[in-house]
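In order, the protein sequences belong to chains B and U. Quick note on this note's numbering: the first sequence kicks off at 1 and runs consecutively. Quick note on this note's numbering: the second sequence kicks off at 1 and runs consecutively.
Heads up, some of the hints might be wrong.
[Said to hold, decoys possible] Reference listing, derived: stretches of chain U covered by chain B, where coverage requires no fewer than 3 residues with Cβ under 8 Å from a Cβ of chain B: (1) 49 to 62; (2) 89 to 97; (3) 104 to 110.
[As the list claims (entries may be wrong)] Within a straight-line C-alpha distance of at most 25 Å, the following computed DSS-like cross-link-like pairs (lysine-lysine) qualify: (4) K14/U / K71/U; (5) K95/U / K14/U; (6) K37/B / K110/B; (7) K9/U / K37/B; (8) K26/B / K95/U; (9) K37/B / K68/B; (10) K50/B / K37/B; (11) K50/B / K95/U; (12) K83/U / K57/U; (13) K50/B / K67/B; (14) K26/B / K57/U; (15) K37/B / K67/B.
These are computed hints drawn from the structure, not numbers from a lab. For glycine and all other residues, C-beta sits at the position ideal for the given N, C-alpha and C.
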Amino acid sequence: QQPVQSPQAVILREGEDAVINCSSSKALYSVHWYRQKHGEAPVFLMILLKGGEQKGHEKISASFNEKKQQSSLYLTASQLSYSGTYFCGTVPGRRVGDMRFGAGTRLTVKP
Amino acid sequence: DGGITQSPKYLFRKEGQNVTLSCEQNLNHDAMYWYRQDPGQGLRLIYYSQIVNDFQKGDIAEGYSVSREKKESFPLTVTSAQKNPTAFYLCASSKDRNQPQHFGDGTRLSIL
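Excised from the complex, chain B in its bound form:
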């Protein structure tokens, strides 16, 4: 099943913060976060693993509540370059093909 993302869209001014949520109806092994600019390929942001380990490389943070099967992506002091569509991918099973992406959250950062 596809995870549910909220909000569907958000508009910010530079320097403002945003939170994007992702929830699943299944128990999760991990949650992935990606950002996609218009017409381009998605780019990896972060993976959150069951048990608390987190892998990422940008100035963006995230949380993973295993009990609630939810993850949240925190964008602080947003920059114009943060604009794009953010997708979460949830991994409920052990097979590589088990990941499913949410419908995306479109983030627009204005000057």
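Dock chain U against chain B, hints included.
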């Protein structure tokens, strides 16, 4: 630099025609994936492959076929049975389910 190469960037299909989208990776990843993205939509899994000579259907496999004869290559054929093929197709690869997926630049397929 390692990465994933998809070709062509744009592809047009005539009625009743099969077309093949190429995907090559030099990241030494075992797993490869094909996704379809429609305007304003998320990514839907078409097929995936965990190892050479093995692949599995995703959520929307009807009208598509794949092969995995080499670790580096995972071509996708859009057959004439796929009645609504117009979409953005993305190929990805990863080491395993808990490692990042690396995406190619995509192929945009349209009907003539």
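Inset, instruction - Report the numbers of all earlier hints that the structure fails to satisfy, in ascending order. - result: 4, 5, 9, 10 and 15
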